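J.: Quick one: dock chain against chain with the hints and give me the complex.
Protein chains in written order, with my numbering: chain A, 169 to 400; chain B, 6 to 221.
Since the hints were made in silico from the structure, they are not lab data. Since the model is a prediction, treat every value here as computed from it, not as a measurement. Glycine included, C-beta positions come from ideal geometry on N, C-alpha and C. Just to be clear, a hint being listed does not mean it is correct.
[Said to hold, decoys possible] With beta-carbon atoms standing in for the labels, derived distance ranges:
#1 S280/A x R43/B: 44 to 54 Å
#2 R365/A x I153/B: 28 to 38 Å
#3 G384/A x S54/B: 46 to 56 Å
#4 G350/A x S122/B: 44 to 54 Å
[Unchecked claim] Subject to a maximum C-alpha distance of 27 Å in a straight line, what follows is the list of computed DSSO-like cross-link-like pairs (lysine-lysine):
#5 K314/A x K371/A
#6 K314/A x K143/B
#7 K314/A x K325/A
#8 K143/B x K325/A
#9 K371/A x K320/A
#10 K218/A x K143/B
#11 K315/A x K325/A
#12 K371/A x K315/A
#13 K320/A x K143/B
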Amino acid sequence: MQLVFSNVGYSRGTFSLQADGAFTRGTHLVSGNVGSGKSTFALLSSGYIKPVTGNVNRDRIRRTVLSMQFPEYHVTGITLDDEVRSWGLGIPVTLDAARLGDRGSDDIASLSRGELKRLHLACVLSVDCELLVLDEPFSALDCNEKKIISEKINARKHGIVIICTHENLWLPDVDYIWEIRGGRLVSRGLVPEAVSRWEMAPKVIRDLTGRGIVPGNVSPRAIMEALCRTRE
Amino acid sequence: MQDPRIRIFVVIALSIAAFVSVTGAVLAFLYWLVFTPRFRCIQRPAAVSFFIMIVIVALVTQISTGGGLSYFIRLTVILLLALYAYTEYHSGEFLAVTVWLFGRNYGFDPGIIAEMSMQSLGDLENDFAHIRVALSQKGIRPGVRAFIPVAGMVVLNQVRRARDQADLLTVRGYTKGGRFCPRFTSKPMELFSGIIAILILFLAFLPVRDIFILLQ
Numbered sequence: 169m170q171l172v173f174s175n176v177g178y179s180r181g182t183f184s185l186q187a188d189g190a191f192t193r194g195t196h197l198v199s200g201n202v203g204s205g206k207s208t209f210a211l212l213s214s215g216y217i218k219p220v221t222g223n224v225n226r227d228r229i230r231r232t233v234l235s236m237q238f239p240e241y242h243v244t245g246i247t248l249d250d251e252v253r254s255w256g257l258g259i260p261v262t263l264d265a266a267r268l269g270d271r272g273s274d275d276i277a278s279l280s281r282g283e284l285k286r287l288h289l290a291c292v293l294s295v296d297c298e299l300l301v302l303d304e305p306f307s308a309l310d311c312n313e314k315k316i317i318s319e320k321i322n323a324r325k326h327g328i329v330i331i332c333t334h335e336n337l338w339l340p341d342v343d344y345i346w347e348i349r350g351g352r353l354v355s356r357g358l359v360p361e362a363v364s365r366w367e368m369a370p371k372v373i374r375d376l377t378g379r380g381i382v383p384g385n386v387s388p389r390a391i392m393e394a395l396c397r398t399r400e
Numbered sequence: 006m007q008d009p010r011i012r013i014f015v016v017i018a019l020s021i022a023a024f025v026s027v028t029g030a031v032l033a034f035l036y037w038l039v040f041t042p043r044f045r046c047i048q049r050p051a052a053v054s055f056f057i058m059i060v061i062v063a064l065v066t067q068i069s070t071g072g073g074l075s076y077f078i079r080l081t082v083i084l085l086l087a088l089y090a091y092t093e094y095h096s097g098e099f100l101a102v103t104v105w106l107f108g109r110n111y112g113f114d115p116g117i118i119a120e121m122s123m124q125s126l127g128d129l130e131n132d133f134a135h136i137r138v139a140l141s142q143k144g145i146r147p148g149v150r151a152f153i154p155v156a157g158m159v160v161l162n163q164v165r166r167a168r169d170q171a172d173l174l175t176v177r178g179y180t181k182g183g184r185f186c187p188r189f190t191s192k193p194m195e196l197f198s199g200i201i202a203i204l205i206l207f208l209a210f211l212p213v214r215d216i217f218i219l220l221q
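For reference, chain B alone in the conformation it holds in the complex (with noise of 0.2 Å):
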């Protein structure tokens, strides 16, 4: 999908509606398998990760309150469309979204914000497939004993930045705003999966009795 507008539109839309119920999950769920790459999203080692937390969340949930199967679904969904977010994103276009959608005195820091945000996590990520090439090397398992330095260095090294992109701003004369004109290029079917996101998002708030009524 081109237009980060509708995209962004879509994962909050679909994000809200896998949260609130089991129904809007499961909607969302078949949006992920219709319209994005699918697989191309969930091919990274952190996405491994984050599956296995959420389970052990479920389980947990499951075992001592119940509801783990509605959490484990619903954060599942959650996961995939963030997956999905974070692949399909690319640099500058948190910033030309919130410039377009607020303004260029209100829109122009929070796009700056969401932009850094995203680089730091690109940075952590590149950060960890480093770190384990130097594990593997001296022949460390990833776990307690490496944790403490290995954390500290990855903090230490987004400090590092943080101040380095501080320095760079100041420098620049940055205070506070901007100008910046984003432009934005759209296909007919990326609007018409929009309007689907907004259907789904509607039929996440409705019971699922009342689905099948509306069907009728």
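Just chain A, same shape as in the assembly (with noise of 0.2 Å):
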């Protein structure tokens, strides 16, 4: 199972951005600034824009599942059990998931941003699918909520997930890292080899791989474990 980009070329007005590189089972983490195309590159992924050049083989995916930022762009119940049965999901366990177990017959319009990412994030992670995309999962959440989801990332065990994001504090433990920069996608390689080449690091990754010390991973625990390494 793998999505691979073969010379991909996407370009709107004065944006543009290249792509090449496959996408192998477990966690990817796709970094970059604000407005540098992860966006664009999780439409790409899930196949609903299509390269100018280039092409995206998915292969073995039969099922994929795209996360985008904005959580009201995914509704389309009235209730939040209507919107939970609009995945085909099971009403009580993903309610609960969500952390709103008591709320199922209540207005979609009366949950704050915050309470409908939850519900979204807990619907999709539930989906069952080969091919899971996640564009700034992380906004619009608090540093616990964060942690919950990150937590439930590390807990999926099958498939792929692409995380787009240019969060880089609260992050769950991934298997790859990319960035992109300068309107290219370029490959950092496998963890944690790839965390000292990650030049978008957050701050305190970067002065301890100053320092010659690798965290094993990019989640607080790991960087946590790296600084407690400094200490011995």
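T.: What follows is the structure in structure tokens.
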């Protein structure tokens, strides 16, 4: 199972994005500045926009789920129950996962953006799919919620997960790091070697790698472990 | 066309011409063919929806009272002009034109309102593109069943954005008016096309017979 980008080029007005590389089973972090093209890459990955040049090959990927940054775009139900049902999921278990168990009959418009994002992520993380593309999954969430979502992503053991985000503090453990720099997708390779090659890494990681200490991963737990290593 | 003053004037003049008579609509269509990027303008998903609405109303009008063909021709040309105006628009142009036209005291506020309206149109277009992705992902065909929640969320998004915008203007101390010094660049060809638009507006008010007398 893999998602292969072969000489992919996409452009719109003055914006352009080039991508080449294979996304295999595991969790992939695609990092980049705001406006660098992460959302465009997410749409290309999930097949909702077509590349201008090259092609995107989906090898043994039957179902793809894309989570867009703004959860409002996904809403097709009037109540929370309707929304969960629209994803083909069990209502009680999904609402419980979103910690909105007692609000199934509430109007979905009554949720705050944070609650809606929580419900939306509970839905997409419950869907059975080979490719899960998460575009800015941590936006509109507080630190505690980001931690919970990271744990849920860590618990996912099947398929390909692509996380496109500029969040660089509250992250799950990932297997591969990619960056979008100057309109091009660049592979930093397999973690942990990729961590020291990650140019847009948070300051704490850059400080650690500058001192020759490479964290085992990019999650707060792995960074904390590396920080503790310095005290030894 | 670089100069928004000429472009906005041309769009208004030709829209009036197309609205008042079929002759004006035909001449405005010819202008659209010659002076605009034509088919680049109509490559928008919303264009098809608006065109279908025009066709439906024209058919109903033709069957019930007659005159549907005239309605179809005039409104289609107005739609093409609107798409041209929207495609060529660059952020800040309305503000520049209204300040140039009405001065800093009276031109700033209408310009800001026009700019915010254009921004909302862009946001709506973006919203619908994303909603189409979501519907497709869930295997839901756009229809009555999905219309109410989707429309509700679109309205709610617009209200939230308007509230954010109001907060931003308040925080930045906006009460009314402001300073803005617009600059424009125009080419001789743009002036020429503006003159052609004035001519079309003039011809649109003349009966067809008189146009041929004028041509003779």
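J.: Each hint needs a verdict: does it hold in this structure or not?
T.: Here's how the hints hold up against the structure:
1. The given range of 44 to 54 Å is respected by S280/A and R43/B, whose C-beta atoms sit roughly 46 Å from each other.
2. Here the CB-CB span from R365/A to I153/B is close to 49 Å, at odds with the stated 28 to 38 Å.
3. As the Cβ distance of G384/A to S54/B is approximately 53 Å, the hint placing it in 46 to 56 Å holds.
4. In this structure the supplied range 44 to 54 Å is violated for G350/A paired with S122/B, their Cβ-Cβ distance being about 35 Å.
5. With a CA separation close to 19 Å, the supplied pair K314/A and K371/A stays within the 27 Å bound.
6. Distance check on the hinted pair: K314/A and K143/B sit about 25 Å apart at the alpha-carbon level, within 27 Å; holds.
7. A C-alpha spacing of about 19 Å is found between K314/A and K325/A, which places the hinted pair at or below 27 Å, so the restraint holds.
8. For the hint pairing K143/B with K325/A, the CA-to-CA distance comes to about 23 Å; that is within 27 Å, so the pair holds.
9. A hinted pair counts as satisfied when its Cα atoms are at most 27 Å apart, and K371/A with K320/A qualifies at roughly 25 Å.
10. With a CA separation close to 19 Å, the supplied pair K218/A and K143/B stays within the 27 Å bound.
11. Of the supplied pair hints, the one linking K315/A and K325/A holds, its CA atoms being roughly 18 Å apart against a limit of 27 Å.
12. For the given pair, K371/A sits about 19 Å from K315/A by alpha-carbon distance, which is consistent with the 27 Å threshold.
13. Note on K320/A and K143/B: the hinted pairing holds, with a Cα-Cα distance of about 22 Å set against a maximum of 27 Å.
Taken one by one, the earlier hints fail for this structure at numbers 2, 4, listed in ascending order.
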